[in-house]
Amino acid sequence: MKINGRTVLVCDCAHSMALDGKALARACGAAAGAEGDLTVATQLCRTQLDRFEARVAEGAPLLVACTQEAPLFAEIAAQDNPDAQDRDMALAFTNIRERAGWSDEGALAGPKIAALLAEAAMDIPPTGTITLTSEGTCLVYGTDERAIEVARQLSGTLDVTVLLKSPRDVAPPRVMDVPVFKGTIRAAKGWLGNFEIVVDDYAPAIPASRAVLAFEPPRHGAASRCDVIVDLTGGAPLFPAHGKRDGYLRPDPDSPAAVAKAVFEAADLIGEFEKPRYIEFKADLCAHSRSRKTGCTRCLEVCPTGAITPNGDHVAIDPHICAGCGSCASVCPTGASTYALPPLQTVYERLRTLLSSYAKAGGTEPVLLVHDPRHGDEMISLIARHGRGLPARVLPFAVNEVTQLGFDVFAAALAYGAARVRVLVGPGNAGETAGLASQLGLAETAMAGLGYGSGRVSIIDAQDPDAVAAELWSLPRGDAPAPGAFLPMGGKRTVTMLALRHLHKVAPEPVEVLPLPPGAPFGRVQVAVEGCTLCLSCVGACPTGALLDNADKPMLSFSQDACVQCGLCKTTCPEKVIALVPEIDFRDGARGAKVLKEEEPFCCVKCGKPFATKSSIDKIVSVLAGRHAMFATPEAADRMRMCGDCRVVDQFERGDSPFALGAPRAPRTTEDYLREREEAQSDRNGKDGGSVH
Numbered sequence: 001m002k003i004n005g006r007t008v009l010v011c012d013c014a015h016s017m018a019l020d021g022k023a024l025a026r027a028c029g030a031a032a033g034a035e036g037d038l039t040v041a042t043q044l045c046r047t048q049l050d051r052f053e054a055r056v057a058e059g060a061p062l063l064v065a066c067t068q069e070a071p072l073f074a075e076i077a078a079q080d081n082p083d084a085q086d087r088d089m090a091l092a093f094t095n096i097r098e099r100a101g102w103s104d105e106g107a108l109a110g111p112k113i114a115a116l117l118a119e120a121a122m123d124i125p126p127t128g129t130i131t132l133t134s135e136g137t138c139l140v141y142g143t144d145e146r147a148i149e150v151a152r153q154l155s156g157t158l159d160v161t162v163l164l165k166s167p168r169d170v171a172p173p174r175v176m177d178v179p180v181f182k183g184t185i186r187a188a189k190g191w192l193g194n195f196e197i198v199v200d201d202y203a204p205a206i207p208a209s210r211a212v213l214a215f216e217p218p219r220h221g222a223a224s225r226c227d228v229i230v231d232l233t234g235g236a237p238l239f240p241a242h243g244k245r246d247g248y249l250r251p252d253p254d255s256p257a258a259v260a261k262a263v264f265e266a267a268d269l270i271g272e273f274e275k276p277r278y279i280e281f282k283a284d285l286c287a288h289s290r291s292r293k294t295g296c297t298r299c300l301e302v303c304p305t306g307a308i309t310p311n312g313d314h315v316a317i318d319p320h321i322c323a324g325c326g327s328c329a330s331v332c333p334t335g336a337s338t339y340a341l342p343p344l345q346t347v348y349e350r351l352r353t354l355l356s357s358y359a360k361a362g363g364t365e366p367v368l369l370v371h372d373p374r375h376g377d378e379m380i381s382l383i384a385r386h387g388r389g390l391p392a393r394v395l396p397f398a399v400n401e402v403t404q405l406g407f408d409v410f411a412a413a414l415a416y417g418a419a420r421v422r423v424l425v426g427p428g429n430a431g432e433t434a435g436l437a438s439q440l441g442l443a444e445t446a447m448a449g450l451g452y453g454s455g456r457v458s459i460i461d462a463q464d465p466d467a468v469a470a471e472l473w474s475l476p477r478g479d480a481p482a483p484g485a486f487l488p489m490g491g492k493r494t495v496t497m498l499a500l501r502h503l504h505k506v507a508p509e510p511v512e513v514l515p516l517p518p519g520a521p522f523g524r525v526q527v528a529v530e531g532c533t534l535c536l537s538c539v540g541a542c543p544t545g546a547l548l549d550n551a552d553k554p555m556l557s558f559s560q561d562a563c564v565q566c567g568l569c570k571t572t573c574p575e576k577v578i579a580l581v582p583e584i585d586f587r588d589g590a591r592g593a594k595v596l597k598e599e600e601p602f603c604c605v606k607c608g609k610p611f612a613t614k615s616s617i618d619k620i621v622s623v624l625a626g627r628h629a630m631f632a633t634p635e636a637a638d639r640m641r642m643c644g645d646c647r648v649v650d651q652f653e654r655g656d657s658p659f660a661l662g663a664p665r666a667p668r669t670t671e672d673y674l675r676e677r678e679e680a681q682s683d684r685n686g687k688d689g690g691s692v693h
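Count the sequence shown with the UniProt record's numbering and you get residues 1 to 693, in order.
Just so you know, the hints here were simulated from the structure itself, not pulled from any lab data.
Hints may be right or wrong, so weigh each one.
SDA-like cross-link-like pairs, simulated, lysine to any residue; straight-line CA separation at most 25 angstroms [what the hints assert, rightly or not]: (1) LYS505 to GLY453; (2) LYS576 to ALA625; (3) LYS614 to ASP561; (4) LYS614 to ARG587; (5) LYS597 to GLY567; (6) LYS293 to THR572; (7) LYS594 to PHE631; (8) LYS594 to GLN526; (9) LYS244 to GLU378; (10) LYS505 to THR445; (11) LYS275 to PHE239; (12) LYS553 to GLU575; (13) LYS165 to LYS275; (14) LYS360 to THR7; (15) LYS360 to ARG350.
Please work from the sequences and hints to get the whole structure.
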């Protein structure tokens with residue numbers, strides 16, 4: 001059987017799963033357009049390994065429905081077909097055993113298995129990478145002899161230096177085989193291969209130390225660089241989200257096992273390392289700031305590692321520091337930050353393929369279980385091996401980080417027919433779920449407002465597999481939205497609106513305008529038109545083009561579909577007449593530009609040329625006429641009603657020229673001063689010569 005050009009090999013794992021090859025082939029044909037018959041193997045990794053070797057010899061891309069023996073299959077494929085150009089594309093794996101077959105409802109899991117195979121047969125584009133280079137310069141930062149001992153263990157592979165923080169009664173090493181200094185790190189920045197530190201109280205050890213290690217007179221502000229830092233102080237970490245900072249190891253100094261693990265890891269941190277480029281950033285879409293006015297700060301608020309910093313009108317994301325949690329992509333309202341492992345469009349396509357294939361194969365009431373490959377796969381395996389397994393309608397959906405997902409993905413999942421979405425978080429997500437929680441709350445608000453009720457999208461935060469399984473088996477049935485067939489085309493915001501409009505179309509209680517909580521990235525601006533002078537400063541500040549002007553006449557228009565509620569228009573408005581109203585307007589009128597205010601242009605009272613709006617001129621006259629020295633008389637005040645050219649002409653005609661006071665004074669030079677001094681000396685000499693002594 002082939003799906004998307006891939007030959008599919010399925011094994012029932014020694015009859016531990018009830019798989020009907022003909023029924024599964026029919027389900028895959030209906031779900032994903034599969035071609036050909038399917039023969040289910042029993043021991044594909046052992047006695048029937050020749051079947052796999054025969055398919056490898058054909059040279060066509062393969063999909064093996066087994067992940068446990070993936071290393072074996074990959075090794076054999078490399079031996080039998082060493083000339084394969086892209087082995088990752090030629091050989092793919094998926095797990096139907098723990099995720100579907102090993103379950104109390106395994107016999108009912110045919111549609112689910114067909115959906116999992118269809119999703120796994122998709123072509124996933126490669127992800128870009130960056131290179132981190134470490135030359136092996138290591139700093140061991142500690143407080144006592146333990147730091148010196150760790151440095152000695154690492155000295156065989158790394159170039160090690162010891163820095164002791166406030167050392168007390170440290171015995172001098174019998175052999176000074178590693179350099180020892182004292183000092184306190186005041187500031188640290190960087191990543192693997194490029195750490196920079198600033199040290200106070202810095203001093204080298206004195207070689208003549210006898211009973212207690214002594215140091216030379218200290219100095220402050222010493223700067224240094226290193227490639228790796230092993231922190232054994234047990235105090236506050238040097239970096240936020242320190243566990244995700246490449247090259248920074250901070251074990252518990254009182255745990256020998258943790259210290260030994262850190263030593264083992266540090267010894268390997270020399271050479272070149274490839275790191276995924278997790279975030280794709282488009283600065284032109286960023287709504288952070290305009291004209292030194294701050295707008296959107298969502299990504300800055302949720303980044304746990306400090307990889308995001310303000311950078312003029314937009315933010316800057318350092319890919320060396322970014323640990324890939326994806327929180328910035330989750331909360332970004334414009335799509336300036338998108339997750340690249342894999343690209344967001346691939347996530348949409350996977351989601352659509354999984355849910356639509358499940359429905360085409362006869363599945364109903366699907367529940368999407370979003371998880372990461374680490375904690376999530378382990379939890380699913382434990383549930384399958386020691387419990388009831390996953391229900392037949394629960395579809396696992398693995399992503400690199402669950403915190404990368406936003407309102408757009410949840411809305412798309414529900415619009416494609418998911419009855420519920422559950423996000424499985426683990427210990428590795430500690431301190432990173434603020435952005436995810438905000439997006440889940442937004443999805444819940446939207447679903448409740450459309451009449452779908454609460455509990456559609458939520459987090460499962462449990463470390464006990466039995467607790468996770470109990471929640472999944474207890475989910476209610478019978479109320480999945482009618483699935484949509486729209487293509488996930490366009491950017492993040494476009495896909496979100498496509499999903500929401502479908503959900504509105506099939507909603508139990510559709511509303512024309514859906515109120516949202518403050519801070520939501522959808523809404524409109526409310527302008528107090530009586531106070532607006534149409535200065536259009538808000539148009540210049542709007543980063544998304546939601547606020548528009550008109551080149552032919554004074555006019556302010558608003559396109560609600562483009563508004564991300566960044567607040568730059570409100571901050572910039574000199575009259576303070578703009579307010580933000582978070583909502584989603586499903587009416588057709590919200591899709592185009594709507595005129596908020598327009599006026600006839602004010603014409604110059606002298607030449608008749610239009611040059612401003614009546615409200616702005618009236619306001620300027622009311623503020624300045626008779627109150628400012630330049631406009632003290634009615635004639636001078638009338639110049640404010642003139643265009644720039646006529647204003648200058650009128651000044652000259654009325655004798656108010658800036659040159660009417662006469663020619664400016666000539667500049668004085670050194671020669672002028674010398675000449676005046678000589679003249680004064682000559683006058684004094686003449687008076688002295690004419691006097692009688």
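Comparing the hints with the structure gives:
no.	hint	result
1	LYS505 to GLY453	holds, 16 angstroms
2	LYS576 to ALA625	holds, 23 angstroms
3	LYS614 to ASP561	violated, 30 angstroms
4	LYS614 to ARG587	violated, 33 angstroms
5	LYS597 to GLY567	holds, 19 angstroms
6	LYS293 to THR572	holds, 7 angstroms
7	LYS594 to PHE631	violated, 39 angstroms
8	LYS594 to GLN526	holds, 12 angstroms
9	LYS244 to GLU378	holds, 21 angstroms
10	LYS505 to THR445	holds, 17 angstroms
11	LYS275 to PHE239	holds, 19 angstroms
12	LYS553 to GLU575	holds, 20 angstroms
13	LYS165 to LYS275	violated, 32 angstroms
14	LYS360 to THR7	holds, 21 angstroms
15	LYS360 to ARG350	holds, 15 angstroms
Hints 3, 4, 7 and 13 from the earlier list are contradicted by this structure; the remaining hints agree with it.
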